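Reconstruct the complex from the two isolated chains, following the hints.
Chains as they are written, first to last, in my numbering: chain U, 236 to 410; chain X, 9 to 439.
Keep in mind that the hints were calculated from the coordinates and are not lab data.
Since this is a predicted model, take the numbers as computed values, not measurements.
It is possible that some hints are incorrect.
[Claimed, not checked] Label-pair ranges, simulated between beta-carbon atoms: (1) U:Ile-257 with X:Leu-50: 54 to 60 Å; (2) X:Val-437 with U:Gly-365: 18 to 24 Å; (3) U:Tyr-343 with X:Thr-256: 45 to 51 Å; (4) X:Trp-401 with U:Asn-259: 40 to 46 Å; (5) X:Leu-317 with U:Leu-383: 55 to 61 Å; (6) U:Asn-259 with X:Gly-337: 26 to 32 Å; (7) X:Leu-425 with U:Gly-365: 55 to 61 Å; (8) U:Asn-259 with X:Tyr-417: 37 to 43 Å.
[Claimed, not checked] Simulated coverage check for chain X against chain U, where a stretch passes if three residues somewhere in it have a Cβ under 8 Å from a Cβ of chain U: (9) 85 to 93; (10) 149 to 155.
[Said to hold, decoys possible] Residues from chain X shown here face chain U by an in silico Cβ test under 10 Å; the list is partial: (11) Ala-140; (12) Ala-165; (13) Gly-169; (14) Gln-412.
Think of the CB as a built atom: it goes at the ideal place given N, C-alpha and C, for glycine as much as any other residue.
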Amino acid sequence: MLEISIFAILALFMLGGSITMIVNKQPVFSAFGFLVTMIGLAGMFALLNSQFLAIAQIMVSVGAVVVLSMLTILTVNAKEENLPKEPHKFKWILFSSIVVAPFTLLVYKTLSILPAHFSDIGTINSKVVGELLFTDWVLPFEILSILLLSAMLGAIVIGRDSKKKKKKSQKRRRL
Amino acid sequence: MSTASIVVAVTAFVLGALLALLTIPVLVWLERRIASLVQDRLGPNRTNVFGFRLGGVVQSFADVVKLLLKEEYYPSHIKKGRWLFMLAPVITFAAALLAFMAIPFADTLHIDGEALRVQALPIDYGVLWYLAIGAIGVLGVIFGGWMSHNKYALLGATRAGSMVISYELPLGLSIVSFIVTYNTMDFNAMVQWQSGTFFGFLPAWGIFVQPLAAIILIISLFAETNRNPFTVAEGESEIVAGYMTEHTAMKFAMYFMGEYVAMNTASAVIITVIFGGYQVPWVSTEMMLAHFSGFALSLMIAIPVIVFLLIRWMRKNNTVRPTVSTDSGRNFETKVLSIALIGMTLLIEAILLYLAFFANSPLGESISVMLFQIVVFVVKLMAFNIFFILIRWTVPRFRYDQVQHLGWYYLLPLALLNLFVTALVVVGVNS
Chain U
236 MLEISIFAIL ALFMLGGSIT MIVNKQPVFS AFGFLVTMIG LAGMFALLNS QFLAIAQIMV
296 SVGAVVVLSM LTILTVNAKE ENLPKEPHKF KWILFSSIVV APFTLLVYKT LSILPAHFSD
356 IGTINSKVVG ELLFTDWVLP FEILSILLLS AMLGAIVIGR DSKKKKKKSQ KRRRL
Chain X
9 MSTASIVVAV TAFVLGALLA LLTIPVLVWL ERRIASLVQD RLGPNRTNVF GFRLGGVVQS
69 FADVVKLLLK EEYYPSHIKK GRWLFMLAPV ITFAAALLAF MAIPFADTLH IDGEALRVQA
129 LPIDYGVLWY LAIGAIGVLG VIFGGWMSHN KYALLGATRA GSMVISYELP LGLSIVSFIV
189 TYNTMDFNAM VQWQSGTFFG FLPAWGIFVQ PLAAIILIIS LFAETNRNPF TVAEGESEIV
249 AGYMTEHTAM KFAMYFMGEY VAMNTASAVI ITVIFGGYQV PWVSTEMMLA HFSGFALSLM
309 IAIPVIVFLL IRWMRKNNTV RPTVSTDSGR NFETKVLSIA LIGMTLLIEA ILLYLAFFAN
369 SPLGESISVM LFQIVVFVVK LMAFNIFFIL IRWTVPRFRY DQVQHLGWYY LLPLALLNLF
429 VTALVVVGVN S
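For reference, chain X alone in the conformation it holds in the complex (with noise of 0.2 Å):
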């Protein structure tokens, strides 16, 4: 073990822990923002910390101090396994937290000689791992549901369970399909075979290669993580909240918190198997490697584009309208933000410049496309995160008969046609 091995390692750890942890808030704050959008209002902007209102972020921390200071409240008909019941929530988020870290971040770093992967759990297994931990989820809300005695949330934890297993097989098949494609069982590796090109102008993304396999991989991750049009678990009209009807506070919170940190790990497996993970289309990391001075002069003029027009778009919507006589600090907030964002683009123009003319050191070059591959997997991670917030938005919620209907009449067997396909493809071409 050497100091970078160790360093990477503990780096590849924080980073896989806070983007699960830290993303929880901004997703919140999201789900409510876009939710606002699609229903033509403005949604929460209004809580601040000294004037800084981020266009709402800080509401969500606010709701996290609420739900801590909330009253612990046992319903009296639990008697025995009242620990199961605290229990339950966190198994559901616990499972959630751990999936999520066998995602790679970036590519692998090579320093001196020595292969380092950029990846909290730097196991072979991912999409194993995924699988297998990601099964757990479920038995937190079985658990939840059956422990608070109350035949709705009976009936909730019932549909769970039973929507996970007719949705595992139709994920499995299609994950199956993408690991007779991509030759591997590992998410890095995945990504790798992916930084190609298909037909020689598309990427070379699972979407473009597997285009039907990607579809139901995207359907049934949206049921494994029980988001809309798949809530029956939960569906309000019929059945109160479901699993988590007794469940008050912070054990609330948990599964509060446990869905959207399994949402986030399903839209990272989606970009991971099927977008490309951390990679920029037609660019593989070898090409920015080797150009690595092309590479910097392009991401120096890009950054500052990308700043001006965030910075205008802050100045024009962070404002109150000319009828108001007071505008709460929203003027001293652009005012701040503006010169953070502009001191930080300064000091990412001046790092870029040295490291690409007056220096000549593949460890910083190496680091540095580590650290834009980083930023491109959050970006990519936050667009799919988007789509899930859309889809639950716009699209109306299935009846429990339905969502078996769709898993056991078209996606099984559309995922065993493909698989077979697919086999059946990669022999011919492999022979």
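The shape of chain U in the complex, shown without the other chains (with noise of 0.2 Å):
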């Protein structure tokens, strides 16, 4: 009774934080909301006995994506009037979420009929994971770290290139 309790709470959290993400014009209340999600995951992670992967969800999505998104929104610090538009927004979130409600049907599927020992959490503990990691699992782990590296360098690009035509187009529009 207490365990479903607090999974519906955490639940409610949830869910409530990613509507909130969704629908909110303003980034900051979509940062918040996001991180109201993160936490409530984390919470459904303890609450399965996995106190390494609620710690890791906390240290990464809170700890860095939350920081760093915050961190853009204050470096841009966009005016009310100057954010997008979005006339036809509830529209496509009906849309998009009537499109992948098979999808999620497809991975609720999947999940109920993985192998038991995937579900034996209780052997799972930092030094398990990090040997996994450094011995099965090593090639999935590089190409990840090669994946985010190539990111990183993409967005350095973008960055660059976008700078060059800045400089052009405002000396298109001197001209």
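As structure tokens, this is what we get:
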């Protein structure tokens, strides 16, 4: 009973947070909704008795993602009137949720027929995770790090190019 | 769940909450008195309740009353999201409070073969918990700064955020090198690792085993807690009060208290990771339990000496100049406090005498060792808090670009290098 009520509260928080994130126009409130969702997700992991995953979730999603996105919001410092107008937002949300629904069902079905040792969380701790990452899963781990590196490089390249274009466009405007 | 485990868990939780919350007034008082000491004046020492001034601690309670009774004022230009404006200080305060909960106050109690942790939140990933929850704290600062719709607040919030990002890396890397050395992520196991000796005579504290990582850890924790010399987020001379410019009354007090709780937590992490936590140098918990009568005897000699010195110091200092006609109850306060101290000493002596020579109860012995370790922990915690405060009042503030320069150009490469060397040494020793 206690577990179910905690689960319900966390689920409410997560749902509310994610809806806030999608619906809100101001990026700050979206970031706050994301924060609430991520803390709720960490709480879910903690409820499943997986401490390491819960703390890693808070560390990565809150400590890195939310802080960085907030920093971006602070740096851009967009005024309310400069935010993009989204007249058909709710239609789009409805449409995309209908499109995604079958995939959600698919994921649910897949997860419910997973082999038993996947749900045996009692043995998972940081040591096991670390050993697995550097023995059995070393190739996916390295590929993931290359993916992150390429994303970083891409961001730098895009940032540089846009500066040049800006200068060009400014010149054109002057002409 | 036996009764003992429930009792220990509840006690540890209450102890954690009290240690985090009750140190706030003491820290505010220490801040003022030490600032006065540095600036050669007395500081607040007049506020009293029935003549008891306790050196001025009562002033902090008067301050709390003042802040509670102040008018709640909202800047009228904040139209949307007032709730987030109000919630932001609470996030900072709650995160600082929660981060403290993973600190062990004493060694694991063994009652009837059951191992009970004296830790408010008994988890194995104490270090990760501190890093994770510590990162939430800055979000309160950023949200508050953004919601204020104020240039200074925005600048302060940006500075706080970018500083946390640039100092999280050296902090994390230095902690990783401690994790590699101690081979654990558990605060309690870290403290147990530090109970031995290093080179035969030094206590195996982190600061002797990993001096470079220890210095990086201390510097980055100073930056993480927004204390001087890293107070760029609220640099009065540049950006008024930074992120808290628009916050008044209790909202300001939340930020203020959150800063002190964060400082307390940072001191606790520092002493747990690099100063041996609750342990006395050269003496491990097992040694104290094995030679309990010797431990009790040395305590029975040490406590009266400390209390005698304390009473003499109090009698000398809690007076007024002879030219002043009335001492407004200072003699009375000294007398009452002396009697209370002597009574407590006699009680402790009696209990120790009984436990050491007349009773043979392992439970009582382990509980008294636990209490002794808690006292050692609090003494170390306060000593490090005083260090934090002394730094604030003696070192001038860095400029913002200097802070970033220090973080990225010196601390990060040094921490990386240290981690590399540590890994090489650990692999070399173990293979």
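Going down the list of hints, with the structure as the test:
With their beta carbons about 58 Å apart, U:Ile-257 and X:Leu-50 fall inside the hinted range of 54 to 60 Å. Checked against the given bound of 18 to 24 Å, the beta carbons of X:Val-437 and U:Gly-365, roughly 19 Å apart, stay inside it. Roughly 49 Å separates the CB atoms of U:Tyr-343 and X:Thr-256, a value that falls within the hinted 45 to 51 Å. Between X:Trp-401 and U:Asn-259 the beta carbon distance is about 44 Å. The supplied range of 40 to 46 Å therefore holds.
Under the hint 55 to 61 Å, the C-beta atoms of X:Leu-317 and U:Leu-383, about 59 Å apart, fit the expected range. A beta carbon spacing of about 59 Å between U:Asn-259 and X:Gly-337 contradicts the range 26 to 32 Å that was offered as a hint. For the pair X:Leu-425 and U:Gly-365, the supplied restraint of 55 to 61 Å is violated, since their beta-carbon distance comes to about 22 Å. The beta-carbon spacing between U:Asn-259 and X:Tyr-417, approximately 39 Å, falls within the hinted interval of 37 to 43 Å.
Restraint check on the region 85 to 93 of chain X versus chain U: 3 residues with Cβ-Cβ distances below 8 Å, three needed, restraint holds. Counting residues of the region 149 to 155 of chain X whose beta carbon lies closer than 8 Å to any beta carbon of chain U gives 5, which meets the minimum of three for the stated coverage. Proximity of X:Ala-140 to chain U holds as hinted, the smallest CB-CB distance being about 4 Å (cut-off 10 Å). For X:Ala-165, the interface hint holds, since its Cβ comes within 10 Å of a Cβ in chain U; the closest pair sits about 6 Å apart.
With 10 Å as the threshold, the beta carbon of X:Gly-169 comes within range of chain U, its nearest partner Cβ sitting at about 5 Å, so the hint holds. With 10 Å as the threshold, the beta carbon of X:Gln-412 stays out of range of chain U, its nearest partner Cβ sitting at about 13 Å, so the hint is violated.
Violated hints, in rising order: 6, 7, 14; the structure is consistent with all others.
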